[in-house]
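S.K.: Here is what each chain is made of, one letter per residue.
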Amino acid sequence: MSLVDVEDLTITVQAAPVVENVRFEIDPGAGLGIVGRSGSGKTLIALAIAGLLPDVALRSGTVRLDGAPQPLDDAALVRLLGSRIGVIPQNAEAALNPLMTAGEQLEEVVALGREEADTRQRVAELLAEVGLESPLSGLYPDALTRGQRQQVMIAMALAAEPELLIADDPVAALDPPARRRVLDLFKARCSGRNMGLLFISHDLKAVSALCSEVIILDGGRIVEQGPLADVLGRPQEDLTRELVAAGKHRARTLMRSPIGTGFLEVTELTRSFPMPRRLPWRPSRTLAALDAVSFSVRRSECLAIVGPAGCGKTTLARTIAGLDRASKGRLAMGRLSYRGTDLPKALRRDITMVFQEPLGSFNPRLTVGESVTEPLRLEPQLILEEQADRLVEVIRAVGLSPDVLTRYPDAFAVGDIQRLAFARALISKPRLVIFDEPVAALDVSLRGEMLMLLNRLRADFGFTCVVTSRDLDLVRAIADRVLVMDKGRIVESGKPADLIEAPRHPLTQALVEARLPEVAEAVRAPAVAE
Amino acid sequence: MSTEGVEANRAPWVRRVALGHVGLRLGIILSLLFLLIGFVSITWTPYPLDRINLSEQLQNPSLLHWLGTDHLGRDLVSMVMKGTLASFIVAAIAVVIGMLFGVPPGLAAAAWGRRADRAASHAGDFLSLFPALVVAILIATAFGPGALSAMIAIGIVNIGVFARVTGSSAAMLWKANYVAAARLAGLSAWEAAKRHLLPAISPVILVQALRQLAFGVLSEAALSYVGVGIQPPGTSLGLMLREAQSFMLVEPLPVLVPGIAIALIALALNLAAEGLGKLIDTPLARLGADRVAG
Amino acid sequence: MIGFVLKRVAGLAITLLLAILVVFLVLDFLPDADTAPVWQRFAGWLGGALLGDFGTSAMANAPVGALIAERMAVTLPLAVAAMLLAVAIGLPLGVLAAWKRGAPADRVLHGATLIAAGVPGFWFGMLLVLLVSAQLRWLPSGGFVPWGQNPAGAAASLILPAFTLALPGAAILARAMRDAMVDAMVDAKAADFIRTAQIKGLSLRQAIWKRGLRNALLPVLAITGPLFALLIATSIVVENVFYLPGLGRLILAAVAERDALVIRGTLLALMASMSCALLMADLLGAWADPRLRTRSGP
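Residue numbers (this note's numbering), protein chains in the order written: chain A, 4 to 533; chain B, 853 to 1146; chain C, 193 to 490.
For the record, the hints were derived by calculation from the structure and aren't laboratory data.
From a predicted model like this one, the values you see are computed outputs, not experimental measurements.
Hints are all accurate, no fakes.
Cut-off 27 Å, straight-line C-alpha distance, at most; resulting in silico cross-link-like pairs (BS3-like, lysine-lysine): (1) A:Lys348 - A:Lys331; (2) B:Lys1130 - C:Lys292; (3) B:Lys1027 - A:Lys432; (4) A:Lys348 - A:Lys432; (5) A:Lys348 - B:Lys1027; (6) B:Lys1046 - A:Lys348; (7) B:Lys1027 - B:Lys1130; (8) B:Lys1130 - B:Lys1046; (9) B:Lys1027 - A:Lys331; (10) B:Lys1046 - A:Lys432; (11) B:Lys1027 - A:Lys490; (12) A:Lys490 - A:Lys331.
Isolated chain A (complex conformation):
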């Protein structure tokens, strides 16, 4: 008998169907992946199976768990959720209670399941399993990174050793090594303890590493459904083909040899934050976000800075762009030098930056046209017609049509907003553009496209480029040179291919090992087998 048996599941919100006629089964030990773009209804399916649909959403169809219909009353449902079904909700990193330490919240779950065992011991085990060190259990959620909070939620969902795990985009916030670890853990639970898995993601690589069956979802309807090798190996529908193609980063670097050497020289850059003293007489402590970082950027090259969340790469990016101030060290471009916010006026036009969260970088009260042209005030000599020409040029270059310029940011999909952010950065023809995790906020299916665009823009506009990323795969597609950063220091540098072939530093090694096999390889090998 199947662990989960879903028939004709339809979900309507305010009389509009958002999920239609979805049917699937999950056997013990098997993984089902649901893949689709944002807004395709994946999350609602997960919530429906867990019985946690919001009140505004109405459900029809049948959901059977282990042969029995899903209980409708709160009490029975709660018993089920506490023991047999584990849920990792979307946005899990916001789902911890801010007033309890990570350890206390885990202990609560562990204590619910078993009376006799030593809960502390079990909590430490769980944390280790998801790749967290046990001292973290004494911290409150706001002292943890997004990824760490996510890992705590994953540990919580697995604590009761559920028969079914419903995981809604569980690895999106994780650094590659942690992501790999969690995926391996899921896999071990499936094969070792016969756990059924409902895995929701837009990351085809992760899906193909874990699942034997896959559903491609679009607009609440199933586009394709079947064994992994069939659906992804021989896609029948356009959407599936697009998704499979987008997973491969085929973009290539420009292969143009860098001209000259010192375009931007970074010397001993240090940024430390004072930490509050525990007691007034204790010595003050500092936290170094950047610890004597030195490197140089060559003209026309694309330099990537890779490291886990919190390694200091965003601080570095913002300091170069003149938005943050270093406490020590210097930055020099030509004969002008600065330390961050004191960026000389003469350089303001030359350096710009594209932010990690594209939507947050557009003022919701201004049309995107107004926002994109804002940097033109750096070139007051331009007459109005030249400004208009410049605007049309960059908008076309990023693949949009000029008539979108009168709209407001909330009318755009996140990928198009990122294109507009690129356009805004390029409109004043800067010499150095810093991209802070340029694709982190995008669906995996859009990432390849965006990287290709970035490469094309480099060819068209000829700027020097610094890109930060958490992921080696992306970097390989665009960077000429890579710096690996950890805890505010540069620990290794080299060409992307060399680093991937022969990583020396443990962090680089972890990043390399964390890379998931390409979809094509995974499809050839059977999915859940050890």
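Starting from the known structure of chain A, arrange chains B and C on it as the hints suggest.
M.R.: Same frame as chain A, but now just chains B and C:
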């Protein structure tokens, strides 16, 4: 999701108010009515206030005196009209003081970040030791009581309130990347604040100004009532209560009338502030509702 | 936590000292026979005050310290009673309104809080006198029997003033409680951490009470300190309505007589009480919210 909410939010203020709920319209109309009554009193009141007529003291309402007379025989309708004007003037000047001296430090604190946070929390403690009453007592002792002492006392409280409101909403926006993007586009801190922060926080400040106007009317009443605000022969709603208290048990009307006037003005202003606050909140509420359709 | 307490006590002590200094300097505008430098006079006065010697009042021809001590016995019980009343009335009403969100009960309470926020507190006191004392003759309309003579009588004469003082506070607390509670359970299912509690196997009701109520109390706790301080100061006005011989009547008499020594001493006593109120609320808040103890981290 429809875009109606967004459209409505970009519509002109007047239209949004007209589309707003009943409380908002009632609040605005009542506030304007009292304001009008106050201004009319500059040129005309039913009876002059400087004429004391002891033969007509403490009369009941009649066709001649719609709300009766006080212990000095003065017409209560005329008194309330003048008193309303005085209350509005004191409260409005206190709001101006609060905005002038409160908004700029609030903006600066937002730009300064964490260090300003700590300074602001100490300043908050300090200011909560100086409620309007304490400041008014100090000024009244040192320089003598009057309308000015009330304005300054209430104004000082307002400074703290405006600094806090501006600071907290600006701090949130200051961290937004579109402000950083503006800095990249060569805007100075001040230009970026003017272009990106002020339009976003000015509605918040406007709503707070209405609230502080209500607070000012109430505080003026309290200050004048205990004798550290407006002094006779001037008049204000609070002073009327002070003078009527001794006759309260004989003739309650001179106590009821100004009190009701104060309560209605404060209620009207608070209703308007609440209604406008809801209008501002729309996009936030919409964001919350969107989360369902993941 | 010890570090937090020490920091908070030190911070408030410095703030209080600064406030007292400001009071001293402003009142220094009054003509004074003493010609010593202002710092010396401030230090001398503060030193004396710390030992209980506030000087002698010209107005009452009595030691200021004794006057203050006698009046504190009225003002402090009044303020504390009012604060307790405000909490006892405001919080349950706020919880009720949040629980019945959107229902008639919520709307009635909302209207009531709006009106209560607009009614001048002292005028409400006058209405109470008119109704409860003059019409119903249940309680005295004013005046005060000293605690030593007749404790029950003293308490009885504080009942109406305490209600008067509590009304605006109760309205503020009810409003804050309702909003915080609604925020915490905005569709209880949508609040992420409450949903987490459900996922972990707590029932919805358990989840709301265990998580929602505690989290909702935090913003309310944050305003209790300033509110308590404000109530202490506002008692000056309310004492005037009920002819209570508290600090308020003392200070207003001193203002009329321009008796700087009495005003200084009384304000010192008032501000010290207000600082204590702020401190207590802060410690309560930090006890309930661990994040406050480590605030100002990176």
